[in-house]
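The opening residue of the sequence shown carries number 8 in the working numbering; numbering runs sequentially from there.
Hints listed in this document are in silico derivations from the structure and should not be mistaken for laboratory results. Hints may contain errors.
[What the hints assert, rightly or not] Here are the computed distance ranges between Cβ atoms for each label pair: (1) Arg34 x Tyr82: 27 to 37 Å; (2) Glu145 x Met8: 44 to 54 Å; (3) Leu127 x Arg85: 30 to 40 Å; (4) His143 x Pro88: 38 to 48 Å; (5) Val35 x Arg144: 38 to 48 Å.
Glycine included, each C-beta is placed from N, C-alpha and C at the ideal position.
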Amino acid sequence: MNTTDAKRVLETALICSQQPMPVRELRVLFDDELAADTIKALLADLQNDWAQRGVELVHVASGWRFQSRPQMREYLDRLHPEKPPKYTRAVLETLAIIAYRQPVTRGDMEDIRGVTINALILKQLEDRGWIEVIGHRETVGRPALFATTRQFLDDLGIESLDQLPVLDGPAQQANLLASLAMDGEAELALQAPTESAPEVPTGEAVEAPQAPEAESLEAPNTGQAGDGAADDTPEAVES
Numbered sequence: 008m009n010t011t012d013a014k015r016v017l018e019t020a021l022i023c024s025q026q027p028m029p030v031r032e033l034r035v036l037f038d039d040e041l042a043a044d045t046i047k048a049l050l051a052d053l054q055n056d057w058a059q060r061g062v063e064l065v066h067v068a069s070g071w072r073f074q075s076r077p078q079m080r081e082y083l084d085r086l087h088p089e090k091p092p093k094y095t096r097a098v099l100e101t102l103a104i105i106a107y108r109q110p111v112t113r114g115d116m117e118d119i120r121g122v123t124i125n126a127l128i129l130k131q132l133e134d135r136g137w138i139e140v141i142g143h144r145e146t147v148g149r150p151a152l153f154a155t156t157r158q159f160l161d162d163l164g165i166e167s168l169d170q171l172p173v174l175d176g177p178a179q180q181a182n183l184l185a186s187l188a189m190d191g192e193a194e195l196a197l198q199a200p201t202e203s204a205p206e207v208p209t210g211e212a213v214e215a216p217q218a219p220e221a222e223s224l225e226a227p228n229t230g231q232a233g234d235g236a237a238d239d240t241p242e243a244v245e246s
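Working from the sequences, and respecting the hints, build out all of it.
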């Protein structure tokens, strides 16, 4: 298979996929005859091919995907005028604490925020797929340890937590997460109650740019929760 044909296969699979695709999954398209480095090189070529289009190929935590560019949001929003859900400041600050301090217990979060965290906040973040319990601290009561998920990274449009800027304080961090969600290709934008954030729709498939001259590709040789009364109840999420 030559370069042009291989890129066409990758392009088609990524455009048709509803989820990001990792390199190991993309190799299956070629019966594992193409090495991972070859797949990555082809993906880099595809990124260049789409560089001047309204859709871009990006690498997020779960793999590779096509998405609309931020500059296109203004126009795509006209197709989806419905309001995105709203998250309270308490929800955003709790999420920021987990993202920056993970793994943390509910008690850790309460110590940092200085208020009791309502269990509904954690449930809301779990239901959204942004946080999960990854274990329990070996102390009295064995409280649950919370961490962020790959879905959280995907929705922010980043590959790893290392890409989050270093900031002091959950308030600043919460503002950053809201900003990242608006700039990234999240299914649902994060926003504070006083802010207005547009929904970010997924880019629609468009005709691929003209492929360069083909060159031959050779296959490589393969041989739980804290106690206390809740005083930080989240507001209802608007849809």
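C-beta pair histidine 143, proline 88: status relative to the range 38 to 48 Å that was hinted: holds (44 Å)
Pairwise beta carbon distance, valine 35 to arginine 144, judged against the given window 38 to 48 Å: With Cβ atoms ~39 Å apart, the hint holds.
CB-CB spacing for tyrosine 82 and arginine 34 relative to the 27 to 37 Å hint: The hinted range 27 to 37 Å holds for arginine 34 and tyrosine 82, with Cβ atoms some 35 Å apart.
Hint check for arginine 85 and leucine 127 - Cβ pair distance inside 30 to 40 Å: holds (34 Å)
Range hint 44 to 54 Å (beta carbons of glutamate 145 and methionine 8) holds or violated: holds (53 Å)
Violation of the numbered hints given earlier is absent; every hint is satisfied by the structure.
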